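**Student:** As a plain string of letters, each chain reads:
2 protein chains.
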Amino acid sequence: MAPSAEDIRKTVERYIEAVATGTADDVVALYAEGATVEDPVGTEPRTSVESLREFYGVIEPLKQTGELLTLKIAGNSAAFHFSLVTDLGEQKLEIAPIDVMTFDDDGKITSMRAFWSQEDMITS
Amino acid sequence: MAPSAEDIRKTVERYIEAVATGTADDVVALYAEGATVEDPVGTEPRTSVESLREFYGVIEPLKQTGELLTLKIAGNSAAFHFSLVTDLGEQKLEIAPIDVMTFDDDGKITSMRAFWSQEDMITS
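Taken in sequence, the protein lines are chains D and U.
If you count the first sequence from 1, you need to add 104 to reach my numbering.
If you count the second sequence from 1, you need to add 104 to reach my numbering.
Hint data in this document are derived by calculation from the structure and do not stem from the laboratory.
Keep in mind that a hint or two might mislead.
A pair counts as met if it fits within one copy or between any two copies, since identical chains are not told apart.
Said to hold, decoys possible - Listed below are the simulated EDC-like cross-link pairs for lysine to aspartate or glutamate, each with C-alpha atoms no more than 20 angstroms apart in a straight line:
1) Lys114 to Asp224
2) Lys114 to Glu223
3) Lys196 to Glu171
Remember, predicted model here, so these are calculated numbers, not experimental data.
Could you build all of it, start to finish, from the sequences and the hints given here?
**Tutor:** Okay, here's the thing in structure tokens:
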């Protein structure tokens with residue numbers, strides 16, 4: 105059975121929370137086996153659990169806050185705009201991509217593609 | 105040569121303007137030959153010029169205003185959140201999907217996928 109909109113919303117909210125304040129393992133646990141991550145879109149997709157853990161491990165030690173700005177669900181897919189603010193001490197770095205995800209029947213993420221470019225990184 | 109971010113932004117802005125206030129032909133002219141449209145995501149993609157013209161022809165007579173809310177560009181792809189408000193006389197119908205598009209070297213749209221569901225249609 106396809107995941108409900110509520111299942112998808114929960115996974116997206118957990119994802120943003122895990123990316124902002126959780127461990128790499130917390131994030132990777134939201135992915136289904138065999139999931140792929142293309143971040144940003146246009147780069148070589150990551151296709152192994154190890155490469156996903158490596159990817160999210162980079163941001164694990166950072167002090168971050170995440171916020172879901174917009175979520176649109178269509179079938180077993182979702183597109184969402186969210187903000188991730190990293191506290192760098194004297195500066196803050198904000199990035200607010202649009203991510204597209206697909207989900208399996210259990211609401212786990214089967215693919216993620218992140219739309220953003222350097223111009224979307226704002227320091228303040 | 106890949107389209108520049110500026111080329112992509114222009115096409116997206118023209119697309120929203122054409123969808124809101126132009127003719128079906130205005131919209132279809134922004135698509136490359138062989139382009140596909142999946143709206144909403146999860147439905148059968150439209151793959152012929154005739155089916156695109158039919159699709160946009162439905163909204164051609166409506167009195168609409170469009171607004172680009174967020175645009176994220178990555179390589180030759182873009183994801184954007186926009187609002188389309190239809191004036192129904194006594195009521196207004198607003199829908200604000202996230203669309204994902206790919207572009208060819210000339211900045212023409214090669215594919216469009218729209219993320220939204222019934223819950224995203226708001227009357228006021």
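**Student:** With 20 angstroms as the alpha-carbon cut-off, assign the pair Lys114 and Asp224 to within, between, both or neither.
**Tutor:** between (26 angstroms within a copy, 17 angstroms between copies)
**Student:** Is it within a copy, between copies, both, or neither that the alpha carbon of Lys196 lies no farther than 20 angstroms from that of Glu171?
**Tutor:** Only inside one copy: Lys196 and Glu171 sit 15 angstroms apart there, 29 angstroms across copies, limit 20 angstroms.
**Student:** With identical chains treated as interchangeable, where does the CA-CA distance between Lys114 and Glu223 reach 20 angstroms or less: within a copy, between copies, both, or neither?
**Tutor:** Answer is between; shortest inter-copy Cα gap is 16 angstroms, intra-copy 29 angstroms.
Checked against the numbered hints above, the structure breaks none of them.
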